[in-house]
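Q: Read off the chains here:
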Amino acid sequence: MNHSPVPADYVKAALLLQGMTIDDERLAAVTQQFILLAAMADSVLAEPLPPELEPAAVYQL
Amino acid sequence: MSRWPAGAHACVQAFSSGQLSAQELASAALERIAAQNTSLNAFIDITAQRALAEAAVLDKAYQRGETLPVLAAVPYAVKNLFDVSGLTTLAGAKLLSHNPVAQQDAVLIDRLHAAGGLLLGTLNMDALAYGFTTENTHYGVTRNPHDPLRSAGGSSGGTGAAVAAGLVAIGLGSDTNGSIRVPASLCGVFGLKPTYGRLPRTGTFPFVASFDHLGPLAANVEDLSLAYDAMQGHDAGDAACAPRFVARTLDTLHRGVEGLRVARLTGYFDDNAGTEARWAATTAADALGACDEVELVGTESARAAAFVMTAAEGGALHRDDLCSLAGDFEPLSVDRLMAGTLVPASWYQHAQRYRRLYLNRMLALLEQYDVLIAPATPVTAPLLGQQQITIGSRQLPTRPNLGLLTQPISFIGMPVVVAPLWPAGGLPIGVQLIAAPWREDKCLRAAWVLQQQGLAYSRVPHTAS
Chain A
0 MNHSPVPADY
10 VKAALLLQGM
20 TIDDERLAAV
30 TQQFILLAAM
40 ADSVLAEPLP
50 PELEPAAVYQ
60 L
Chain B
0 MSRWPAGAHA
10 CVQAFSSGQL
20 SAQELASAAL
30 ERIAAQNTSL
40 NAFIDITAQR
50 ALAEAAVLDK
60 AYQRGETLPV
70 LAAVPYAVKN
80 LFDVSGLTTL
90 AGAKLLSHNP
100 VAQQDAVLID
110 RLHAAGGLLL
120 GTLNMDALAY
130 GFTTENTHYG
140 VTRNPHDPLR
150 SAGGSSGGTG
160 AAVAAGLVAI
170 GLGSDTNGSI
180 RVPASLCGVF
190 GLKPTYGRLP
200 RTGTFPFVAS
210 FDHLGPLAAN
220 VEDLSLAYDA
230 MQGHDAGDAA
240 CAPRFVARTL
250 DTLHRGVEGL
260 RVARLTGYFD
270 DNAGTEARWA
280 ATTAADALGA
290 CDEVELVGTE
300 SARAAAFVMT
310 AAEGGALHRD
320 DLCSLAGDFE
330 PLSVDRLMAG
340 TLVPASWYQH
350 AQRYRRLYLN
360 RMLALLEQYD
370 VLIAPATPVT
380 APLLGQQQIT
390 IGSRQLPTRP
400 NLGLLTQPIS
410 FIGMPVVVAP
420 LWPAGGLPIG
430 VQLIAAPWRE
440 DKCLRAAWVL
450 QQQGLAYSRV
460 PHTAS
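Read top to bottom, the protein sequences are chains A and B. Each residue of the first sequence is one higher than the last, beginning at 0 in numbering that gives the first Met the number 0. Each residue of the second sequence is one higher than the last, beginning at 0 in numbering that gives the first Met the number 0.
Do not take every clue at face value.
Derived CB-CB ranges, DEER-like [claimed, not checked]:
| no. | chain 1 | residue 1 | chain 2 | residue 2 | range |
| --- | --- | --- | --- | --- | --- |
| 1 | A | A45 | B | Q367 | 19 to 29 Å |
| 2 | A | D23 | B | A55 | 51 to 61 Å |
| 3 | A | Q31 | B | H461 | 58 to 68 Å |
| 4 | B | V56 | A | D23 | 54 to 64 Å |
| 5 | A | D23 | B | D320 | 14 to 24 Å |
| 6 | B | L148 | A | Q31 | 45 to 55 Å |
Sample of chain B residues at the chain A side, in silico, Cβ under 7 Å [claimed, not checked]:
| no. | residue |
| --- | --- |
| 7 | H112 |
| 8 | S300 |
| 9 | F306 |
| 10 | V307 |
| 11 | A310 |
| 12 | G314 |
| 13 | L324 |
| 14 | A338 |
| 15 | L341 |
| 16 | W346 |
| 17 | R352 |
| 18 | L395 |
| 19 | W421 |
| 20 | G424 |
Note that these hints are calculated values from the structure, not bench results. Even for Gly, the Cβ is constructed at its ideal location relative to N, Cα and C.
Input sequences plus hints: build the corresponding full structure.
A: Structure representation (structure tokens):
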């Protein structure tokens with residue numbers, strides 16, 4: 000999966016959806032951070048996971 | 000003797016033997032803070048009246064011949080995300096400065112108070128605990144006592160600096176991705192990040208609830224152990240706090256590493272370690288008789304998963320304020336928090352499932368070994384404002400990458416002690432001593448051996464002594 004380039008339009012729309020309005024300078028900075036997160040997520044998403052693996056708590060207390 | 004005994008055990012000894020009163024110990028600590036905090040900027044609030052009042056109670060108890068508690072007259076301070084009655088809990092954020100004052104202390108402060116500790120104040124940190132350098136735009140940078148031009152690490156940088164400079168004997172911090180271990184490494188003190196769920200977080204400001212931890216920093220292993228033992232125990236106020244029995248560690252230290260199987264983590268932990276960090280890990284491995292070098296597969300992805308989950312949970316926590324008060328956030332982290340609110344659920348869930356897979360791999364490894372060794376930080380303390388660190392031939396941004404080696408471990412909740420070693424050059428660097436869940440005793444025993452061998456220790460810098 001390849002997320003880049005992430006369209007600033009997506010970031011702007013998703014922020015707006017949550018009620019965040021930002022100027023163009025901040026939009027560029029947030030988009031840059033989102034691209035970094037997307038790159039990080041790519042490496043995790045590339046990891047094959049057994050289907051039985053649950054997104055549960057860290058371990059049994 | 001000095002008016003300021005070095006460390007918690009020495010304070011208890013000086014007080015219980017009648018050498019110094021609790022009020023003298025509190026006053027001496029306050030004098031040191033007054034003399035040095037202007038340059039270090041470790042403290043945000045100084046609770047002088049409270050410390051002196053607590054000391055007066057202890058002095059009366061001593062005069063009456065009462066049995067003294069285990070941390071009697073030990074000066075300590077806490078990262079300013081702990082609730083302290085009468086103070087606003089800032090968590091290093093201007094954003095929170097208009098909140099009402101806390102009505103009661105955090106549970107761990109209650110426990111240290113019951114153990115006789117003297118609370119000296121609250122300590123600087125990266126805003127909202129999101130950072131590794133304690134370069135706080137609103138409350139200033141905290142300077143490293145070993146070189147004031149360098150970072151104390153973060154996000155518990157005020158705690159690391161206060162303990163390293165000898166301003167307090169015990170400091171409390173929090174650790175989500177390395178925020179106890181990074182400052183312990185860069186400031187040259189011992190730090191304990193206990194097992195996830197061991198110490199209650201009741202009355203502290205959260206960051207990433209699914210891997211937020213609290214723990215102590217101290218100048219030696221015995222003090223670290225003493226403080227940790229005093230804080231153990233379940234509290235229903237923290238849903239993640241495990242109903243475990245108290246497992247005291249202080250009396251186990253002398254067992255050392257006899258019978259423990261020790262190995263050094265390689266692969267990712269070597270690839271992301273600079274020269275001093277590798278030296279520290281191999282030196283500790285030799286000293287502890289490490290029998291193997293082992294690789295934990297998938298660590299790079301574990302770090303990436305921790306990174307994504309941190310942004311997502313942190314962003315979600317602050318979403319409402321990001322909508323209405325974005326201008327009050329720390330400029331160094333507000334953009335990442337906003338980006339974190341956009342993380343798709345599918346990314347987050349995959350990261351969470353990967354966490355389980357990686358945890359299972361770690362638990363399998365910890366069936367073969369009792370203690371695993373890895374460097375705590377890739378490099379020694381960077382200069383304040385330094386934009387990049389060098390690891391081998393790579394240049395990486397400083398602020399997110401000081402936690403490269405700590406993030407994968409806290410992400411799965413393992414207990415870790417950082418022990419500070421001293422490579423040539425004069426700046427410390429820590430090693431992580433990692434054990435299976437609930438086996439903090441093994442981490443502490445390994446650290447104690449490094450201390451006994453003269454390899455791991457803290458030293459108060461000349462300017463602070």
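Q: Is the shortest C-beta separation between B:V307 and chain A less than 7 Å?
A: With a minimum Cβ separation of about 5 Å from chain A (threshold 7 Å), the hint on B:V307 holds.
Q: A range of 19 to 29 Å was offered for this pair. Does it hold for the Cβ distance of A:A45 and B:Q367?
A: Hint holds: Cβ distance 27 Å, inside 19 to 29 Å.
Q: The hint names B:F306 as touching chain A; please verify it with the least Cβ-Cβ distance against 7 Å.
A: 5 Å, holds
Q: Would you say the C-beta atoms of A:Q31 and B:H461 sit inside 58 to 68 Å of each other?
A: 43 Å, violated
Q: Are B:G314 and chain A close enough, Cβ to Cβ, to be under 7 Å, as the hint says?
A: This hint is violated: B:G314 lies away from chain A, its Cβ roughly 10 Å from the closest one there, beyond 7 Å.
Q: Hint validation: B:A338 versus chain A, beta carbon distance must be below 7 Å. Holds or violated?
A: This interface hint holds because 4 Å falls under the 7 Å limit.
Q: Restraint: B:L341 near chain A, CB-CB cut 7 Å. Satisfied or not?
A: 5 Å, holds
Q: Should the hint that B:L395 touches chain A count as held when the rule is a Cβ pair under 7 Å?
A: 12 Å, violated
Q: Identify whether the interface hint at B:S300 stands, where standing means a beta carbon of chain A within less than 7 Å of its own.
A: Since chain A brings a Cβ to about 5 Å from B:S300, closer than 7 Å, the hint holds.
Q: Tell me if the interface restraint on B:G424 is satisfied: Cβ within less than 7 Å of some Cβ in chain A.
A: Since the shortest Cβ distance to chain A is 32 Å, the answer is violated.
Q: Using 7 Å as the Cβ threshold, decide whether B:W346 counts as touching chain A.
A: 4 Å, holds
Q: Does B:L324 hold up as a contact with chain A if the rule is Cβ-Cβ below 7 Å?
A: Status violated, d = 11 Å.
Checked against the numbered hints given earlier, this structure breaks hints 3, 6, 7, 12, 13, 18, 19 and 20; the rest are met.
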